[in-house]
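Participant: Starting from the structure of chain A, add chain B where the hints point.
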Amino acid sequence: MRKLAVLGAGGLVLAVGAAIIAERPTQAQQSPAKPDSLTAWVLAQGDSAALQGPRQPVLFRHDIHAGANKIPCQYCHYTVAESSEPGIPSMQTCMGCHLVIGGTDSTHKQEIKKLRDAFAKNQPIEWVRVHTVARHAHFPHMRHIKAMGPNACQTCHGDVARMAQVFKVNNINNMGFCVTCHLQRKVNRDCSLCHY
Amino acid sequence: MSDTTPREGIDRRRFLTVLGVTGAGAAVVSGCSTERIEKLVPYLVQSEDQIPGVATWYASTCTECPAGCGLHVRTREGRAVKLEGNPEHPINAGRLCAHGQSALQGLYNPGRVAGPMARQADGSFKEITWDEAIAMLVQRLQGASGKLAVLNGAGRGSFTDLLKAWTEAQGGRHVRYQPFSYEPLREASRQTFGIAEVPRYDFGRANYIVSFGADFLDSGWISPVEHQRGFAQAHGYADGAMARHVMFAPRMSLTAMNADEWHASKPGTEAAIALAMANVLLTERSGNPPDANALRGTLAAYTPEKAQQETGVGAEVIRRVAREFASNRPGLAVAGGIASQHRGAVQTAAAVNLLNYVAGNVGDTVRFGADLDGGDAYGETLALQGALDRGEIQVILVHEANPVYSLPRATGFEAKFRKAAFKISTSLYLDETARLCDLLLPNHHALERWDDARPRRGVNGLLQPVMEPVFRTMATGDVLLRAAQKVGGALAHFNATGWEAYLKSQWLKVLGTEEAWRTALQHGGTYGETPTTPVRLANGTVVTPYRAAAFDGAPEGESFYLAPVPSVLGDGRFANRPWLLELSDPVTKITWHSWVEIHPDVARRLDLQEGEIVRLTSPHGSIEAPVYVYPGIHPEVVGVPLGHGHTSYGAFATGRGVNPLDLLDGADTSGFLPYFATRVILTKTRRWKQVAKTEGTTRQLGRGIADAMTLAQAKQGLSPALAAAGEAAGPHEENPQPEVEAIGGWRERQLQKRQKGEYANEHPMWGMVIDLARCTGCSACVTACYAENNIPFVGEDEILRGRELTWMRIERYWEGGEDGEPLEARVVPMLCQHCDAAPCEPVCPVYAAYHTADGLNGQVYNRCVGTRYCANNCPYKVRYFNWYAYSKAAFPEPLNLQLNPDVTVRARGIMEKCTFCIQRIRGAQNRARLEDRPLRDGDVITACAQACPSDAIVFGDMNDGSSRVTRLKADPRGYHILEDLNVRPAVTYLAKVLNRTEA
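Chains as they are written, first to last, in the working numbering: chain A, 4 to 199; chain B, 527 to 1525.
The following block holds chain A by itself, in its conformation from the complex (with noise of 0.2 Å):
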């Protein structure tokens, strides 16, 4: 009896998880460009804290730059289709830009003065990491590339072009998450394929 209420408390708790993830998609299907309001009145508070993913320590808007500015992943994310890495772009890379678009409102200026101090000072900003692999799986970013398209990213990462701060929308070391996907495509699902 009592190990029922156990697996009975477990499975409330992954409904509601389940509901709140099923909620997410229908938040972000408003238009590409503009937050939603209550993400647009935080950002306007200028502290990213309350939006959801770890709070970055230069708020980067995914949702300006591949969103608005339909800039591809790959043009900052420029080793996903070769290596297992997709690659961090480096400070030069934001620099590129950034030496000349100085940013249009006091909060966009704010945080691109951080990235411009920072390039001055030789220092890289330290992202906090939002999606780590176990160590004891290996990711080849190339093959899932390779397979699925440039823009496949969404696929696991979600639409990053939706959102304002990164955060995570499947739990990529939740095995089943690969293999649902792997059993779906018909491909190979043998442990030694990612564990070793």
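Since the hints were derived computationally from the structure, they do not count as laboratory data.
Cut-off 35 Å, straight-line C-alpha distance, at most; resulting in silico cross-link-like pairs (DSBU-like, lysine-lysine):
#	chain 1	residue 1	chain 2	residue 2
1	B	Lys1030	B	Lys673
2	A	Lys73	B	Lys565
3	B	Lys565	A	Lys124
4	A	Lys189	B	Lys1282
5	B	Lys565	A	Lys116
6	A	Lys117	B	Lys565
7	B	Lys1414	A	Lys171
8	B	Lys1030	A	Lys124
9	A	Lys149	B	Lys565
10	B	Lys565	A	Lys171
11	A	Lys149	B	Lys1282
12	B	Lys652	B	Lys673
13	A	Lys189	B	Lys1279
14	B	Lys1012	A	Lys124
15	B	Lys1279	A	Lys149
16	A	Lys171	A	Lys124
17	B	Lys1495	A	Lys189
18	A	Lys189	A	Lys149
19	B	Lys673	B	Lys690
20	B	Lys565	A	Lys112
21	A	Lys124	B	Lys652
Note that the structure is predicted; figures quoted are calculated from it, not measured.
Facilitator: For chain B alone, kept in the frame of chain A given last:
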């Protein structure tokens, strides 16, 4: 039972799932979480030749010994993680020995001197800045007024040229010093042919090899990888032919283990055999070189019978070997090396030169003109010692040498060295010599600096920095040039802007264009033909009258000859590398400490057993080490390995083992340092130390692990089983009918399994072939496996508990050696056999051990819960359990930087084993997929196969009919170890072939 049958209760998997859920719940309650905040730090400026996640390779040159092999350095995210041979290089052709592999542990060694240091008044060292350090150097150089000496252990190259010119411009004395020099060979060549040069041996062409105490396969003699490649080519069985290798030496070394015949000769007498053989050739054979025929009279006195008296080797053996040597052209006789460097070493080498000349091998398998690098004569070192003793040296700089350790204590070098007022060391490590110095100017490691090497004519190797320096070090070339600018005067003309610019200018003088320089850099140097100078017998006395080598120390009787044993630690410079300390000695299988080899008869007589500590005493000192009873040593000899017994060389080496050089007489003036020259008295201490060896049962006991057959049997195309049964016997005995049916049914079920799910698709079938006729047991593969697969060392205590953790090991078994039969060694590289019907798989309760569709025996670390059932059920004992978090202790900073990012670092409580380098397989598959092509044979090479200097290991897809592995697997010599267990291993061994005279 079909899958639809309802089961009672729960099966083992569900049981463990429930256990797992409960465990996870408990973890949540106690608030544990695996979520850690990680940072992603971007580059400021992206370097053009680095792609994160993809290896960048640099060509370089190995400087671990003077051989000068070419390197390809694999770097990931700006750090070197693996060294491999450069396939273009004429010396090593893509192969690399254990020393070369372990250079990474020199680079990331925690014992490195972290920056420039000066000695304080209280005797301690204080870190200073480079500007201060160079200012101190300059001040001392200005005050030295010519009383300067430099002891340089670096190989020949632009740096040594610069250092020599820099020293001599100040009126100083420059001495090149290599502990294991080839002085006797050079002197012998001067006596016989009038050319003072170390000969170059072409083992690959030889049809008959006779070694007179020369350990050409043991570590570090002249050009080990090249010798081994050649030896495998000559002595490996192919198309019904192979060379015969005969060895005369007092001890069965790794080289003698690979000989078809080993004859234990009395120490110091090899020359008598060589002269007797030359005599036999001259008297029995026509067509000898005319100038050699003139020696007939001189050599007539050296009969095989006389040689038998001297050496203890039978006259009929000597006569037979001489005849065979004459009829199997071209042959090759070799002498030299540390293990036979007694006072008669020059005489032995000269006699062997003569033998080669009479047999017509000189100019063919023995060539002069390569001008192999060997350092200055030992006399120069002695002269420097004299000058130090007389106080003629004020400032001494020691570069890449550790004479306080590597010269016998009896030379009194340490006391003489202390007499110099100011002592400077550029050593990377705080070794015995650096510890006495006043100023430490640590050099960059060879993988961090620009440099070059000229190991022989025609081969010019380049070194380039493959990564940023790990410590606050500076290339000594830069130190010299910066000091020269400040000192001015005679040094003012050293005005290059830096060491890199200087080196490049030296190369541009030869190459001419920037483009040629870039090409050279890309290929690791420039390689041309090595010239051959024809030689003739010198005028005058070519044959010095034979005299047995003299031995000092205790008188004959109850004393023993002390044989220095070449070990993987070389001259001691490798003793701070845990990979090599833990690497089982190829002969004795002992790790981590010193030992004393004693013949079983002597052990019986003296009532000694393995592990009893004995004291060896000579007039110059005494050492204590545990006994190892070794059937392969002459009864009058005791062997002690070289390279141990450091008093200051980092945490790994210090205080470990004993140094046999402490027993030697250093006051020798024969032009070289005789290492095999002392007799010692052996006393029992009645104390014990368990010998930390990885050797199990020393005999095969009929298990058929290391199979061998005679050359005649191999020519007939017999299988090892038929060869063992004898030619008369029929095929293998028939199985009774029920067994045949059972096996057939089992096979059928296995086949059906293969048609389901993943297995129904087309897959490669990975397999390996190991040719025991080529394998020498050198253990380069073991070190390569350590480097590739992040294998932690476990330490001496854990070895004593039988917990060694080497995914690949070399097993060594003895055959014969009793009742007058010759002693024979067999070696087998043992790794996971990736059995098709693996016994480890069905016993794993969590499916961590399982079979992949491409024929691998997979081991999923994150599933493993450490029951160790698999290891218990493995008949090959190739699964190793990670008892503690070994990797934490094994990779202290900065050694952790050497870890291969493609391989999981295993945690505690996990079973691990050879994966057939699955990371390389997956990497090659990924690359092939990106290039839209199928995998080709040779795309995947495991680390062991890549390193093997003998090319004994071949890896590939057994489903590909044209692959090399499939072709080799069909060889009639092929067999599986423990075949009757029916586990169907993916590793096929090709039986060793013994080329012996049939009685």
